[in-house]
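**Q** Sequence:
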Amino acid sequence: MPEMNPIEVMAECIEKCKATTDRDVIAHCVSEALGFLQVDEETEDDAFALLCGAIADAAQEDPVRCAALLEVWTDLEQQRQAP
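In terms of the working numbering, the sequence shown opens at residue 1 and continues consecutively.
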C-alpha cells in the first residue's frame, strides 16, 4: 500500500465528511486525520492548524456539503480550548 501524504489524508477526510451528515462518522474521520498528521512528525497544534485550514477552504468552496463538518470541527476546537 503506498504511503499517503498529509495533503491526501486531509483531502480524503474532507471528501468522506462531505458525503455524510452523521456527526459520529465525521468526528471519526477528523480524529483519524489528526492522528495521521501527528504521527507524520507534526505537533498536535500543527496538525490542528493544517486540518483547520483545509476545512476552512473546503467550507468556503462548498458550504452546503461542509456544514456538518464545520459544526463538528467547531465543537472540537471549543473542547480543545476549554480549560
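Accuracy of the hints is not assured; some may be wrong.
Unchecked claim - Derived CB-CB ranges, DEER-like:
#1 5 with 83: 13 to 23 Å
#2 23 with 56: 28 to 38 Å
#3 7 with 83: 32 to 42 Å
#4 8 with 83: 19 to 29 Å
#5 83 with 3: 19 to 29 Å
#6 44 with 4: 27 to 37 Å
#7 79 with 43: 12 to 22 Å
These are calculated hints, taken from the structure and not from any lab test. Cβ atoms here follow ideal geometry from the backbone N, Cα and C, with glycine treated the same way.
**Q** Please go over all the hints and tell whether each is borne out by the structure.
**A** For each hint, the structure was consulted:
| no. | hint | verdict |
| --- | --- | --- |
| 1 | 5 with 83: 13 to 23 Å | violated, 35 Å |
| 2 | 23 with 56: 28 to 38 Å | violated, 19 Å |
| 3 | 7 with 83: 32 to 42 Å | holds, 33 Å |
| 4 | 8 with 83: 19 to 29 Å | violated, 35 Å |
| 5 | 83 with 3: 19 to 29 Å | violated, 37 Å |
| 6 | 44 with 4: 27 to 37 Å | violated, 19 Å |
| 7 | 79 with 43: 12 to 22 Å | holds, 18 Å |
The structure is inconsistent with the numbered hints 1, 2, 4, 5 and 6, although it conforms to all the rest.
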